[in-house]
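**Q** Chains A and B are the protein sequences, given in the same order. Per the numbering used here, the first sequence starts with residue 39, numbered consecutively. Per the numbering used here, the second sequence starts with residue 39, numbered consecutively.
Some hints could be false.
Note: identical chains are not told apart, hence a pair may lie in one copy or across any two.
Claimed, not checked - In silico SDA-like cross-links for lysine to any residue, where the CA-CA straight-line distance does not exceed 20 Å: (1) Lys382 <-> Gln343; (2) Lys390 <-> Asn364; (3) Lys151 <-> Val183; (4) Lys289 <-> Gln230; (5) Lys151 <-> Val306; (6) Lys398 <-> Asn364; (7) Lys330 <-> Glu319; (8) Lys279 <-> Gln108.
The hints are simulated quantities; they were obtained by calculation from the structure and are not laboratory data.
Protein chains: 2
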Amino acid sequence: MKQPSKKSALSQSNSIPSPVNVSNSAAEKIKLLRKKKQDHSEILDRLLQGSQTALGQAITLVESNNPTHQEQASAIIEGAIASAGKSIRIGITGVPGVGKSTFIESFGSHLLKLGKKVAVLAVDPSSSISKGSILGDKTRMENLVKEEMAFIRPSPSGYSLGGVARKTRESILLCEAAGFDVILIETVGVGQSETTVHSMCDFFLLLKLAGAGDELQGIKRGIMEMADAIVINKADGDNIKAANTAKLDFKRALHLYPPKESSWTPEVLLSSALYNEGIPEIWNLIRSFEKKIRENGYFEENRKQQSKFWLLQSINEQLKQSFYQNPEIKTALNEQLQAIFDKKTSPFIAAKQLLEKYSKL
Amino acid sequence: MKQPSKKSALSQSNSIPSPVNVSNSAAEKIKLLRKKKQDHSEILDRLLQGSQTALGQAITLVESNNPTHQEQASAIIEGAIASAGKSIRIGITGVPGVGKSTFIESFGSHLLKLGKKVAVLAVDPSSSISKGSILGDKTRMENLVKEEMAFIRPSPSGYSLGGVARKTRESILLCEAAGFDVILIETVGVGQSETTVHSMCDFFLLLKLAGAGDELQGIKRGIMEMADAIVINKADGDNIKAANTAKLDFKRALHLYPPKESSWTPEVLLSSALYNEGIPEIWNLIRSFEKKIRENGYFEENRKQQSKFWLLQSINEQLKQSFYQNPEIKTALNEQLQAIFDKKTSPFIAAKQLLEKYSKL
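So that you can see chain A by itself, here it is in the shape it has in the complex (with noise of 0.2 Å):
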């Protein structure tokens, strides 16, 4: 615990009394101050030296809405951020059913075979709804959750998927900060979450079936835009043959896009996360990409404009919700709203009454 410094303004020396002036309340703030300052130093210094525990503490400051744990946790990352950003972030996405846990499980102890400690977020809005549906259940990893080089957090709960992202973004600095080498960031197919993941990995993995012959169809077309890799999983026993057709069209289906920003060639391959088959295949396709990306600088250039997009994305979002989250702008926007159904006036001019109302309150 560190003591706070002897040349602070706030250190009181003994033989003078307090000032009359200083009530009792605020010292008691102050030395409250004092605590969570010394609370949340303490949280970073054991990040930093890669305690899973204060991980998690630290990543439930960042989720918690309390105005006070948001500025530790805004501290916290402020003392993390430079030791951040050595992972590869690799975004996994596939419809239910697909095996996504299962191959988590066997992609992960590979890694840490290796060597990785390896992180599992997730992304996924509609948890709030359903209390977790990816990564809540974590029995669903067993073998995963009990390895000691091995970080899971499920999605934050009780956020839109704005929320979830930034969270979950602010999440992934944590962990890189915590020494995590891998960070696999797991979604599903709800509305913009695949669009979301991507734009915070360097990695998108898109786990395929092979299916009765509809392979190609029920496929969003942005979402195999976005792949770096599609894999089809669950490549074994009477399914292999099924799987090398799927595999063929699939990579016959990536050649109609466009050559990718980053020079990278997505390709096609199969696994059985199940039997633990063609697992080590991934990570070294996972490896080449990297090593690609690093050397014509990709790397660098994505992750900054990632950052430049999230910096925006935050600032709108946050706009957004000080005005309509503002009692009298609430009042006032539904007044103009009945005034523009009355035919009293129209909508860009209430938009502009409200907004010359709010920027005079």
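Following the hints, position chain B against chain A.
**A** Coordinates of chain B only, in the frame set by chain A:
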């Protein structure tokens, strides 16, 4: 020209000399202000009487970036809005070459013969680059342009899609207040422009061509889904057979979409705008559409939802604009971005600090 009322605080009695603290320049300003007020209330009066010149002047004020013009525009819209909203708003889209101008010429002439007043507006955010690709060359609608009951206005240039949309939507209100019964809003498939037009019209018409077997290709899925009718144009001469085949194909394709909120089942029609064939049938279809949605309440409900959408859209845009165009924020944003790139802060902390700075400006 209206004279200021004698009861006005601004009127001067002849018997009492001006007090010395009213400077000449202040008096000039008051006179100017009074004149401007007369100007725009005169424009409003003439517009409400159906003057196309006044309508043109009012739209020019709407399209101006000059703050005084914008104020005058707002005053005119406020005065006009109670008389607006009585037209049917028809969005028309289709790829270049499909014959939009010829179609609008033919369709518009038909409506004029039925005694309608027809306004044609365009939403074409590319016009600022290509200097008015839609409607810019009014000679493309030779006959319509000569008609007294037709008003044709190209897309405002020099704006983003958001700006074009706002100005077009205000122009719709002004056209309606000037007594136009049918508003045709033309657009090409540039980026989001179809979605934008869809959000400001009652009926959305997609023009198509019967092509060499690729009728269903190259259609953005979302556009087909928005259409209330698909019209296969240039269904004449050798093209009739192909047009009939295309009609069946489109009918089949439309069945794949979920039912519309309006309970309207989209239809596929044939036309030859060049030979004025199929045009009355299209107008009859739109009339049955209007009858149906007025009866089931969708007409009013949809317009309300559209107004609400434009109110929120307009607020969000202006919130961002005020923030990002602030010179101090511009500088601070660049500094924060650099700090992010230098790993001294995170996007979210940077956003928070920028917003705090902004709130204190």
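**Q** If the cutoff is 20 Å on CA atoms, where do Lys390 and Asn364 land: within, between, both or neither? Let me know, please.
**A** Cα proximity of Lys390 and Asn364: in one copy and across copies (16 Å, 17 Å).
**Q** From the Cα coordinates, with 20 Å as the cut-off, is the pair Lys330 and Glu319 best called within, between, both, or neither?
**A** within (16 Å within a copy, 60 Å between copies)
**Q** From the Cα coordinates, with 20 Å as the cut-off, is the pair Lys151 and Val306 best called within, between, both, or neither?
**A** neither (24 Å within a copy, 62 Å between copies)
**Q** Since the copies are identical, ignore which copy is meant and state whether Lys382 and Gln343 lie within 20 Å (CA to CA) inside a copy, between copies, both or neither.
**A** between (44 Å within a copy, 16 Å between copies)
**Q** With 20 Å as the alpha-carbon cut-off, assign the pair Lys151 and Val183 to within, between, both or neither.
**A** within (14 Å within a copy, 76 Å between copies)
**Q** At most 20 Å between CA atoms: does that hold for Lys279 and Gln108 within a copy, between copies, both, or neither?
**A** Neither: 52 Å inside a chain and 67 Å across chains, both beyond 20 Å.
**Q** Is the C-alpha distance from Lys289 to Gln230 at most 20 Å within one copy, between copies, in both cases, or in neither?
**A** neither (25 Å within a copy, 30 Å between copies)
**Q** Quick one: Lys398 to Asn364, C-alpha cut-off 20 Å, is that within a copy, between copies, both, or neither?
**A** This pair counts as both: shortest intra-copy Cα distance 13 Å, inter-copy 17 Å.
Violated hints, in rising order: 4, 5 and 8; the structure is consistent with all others.
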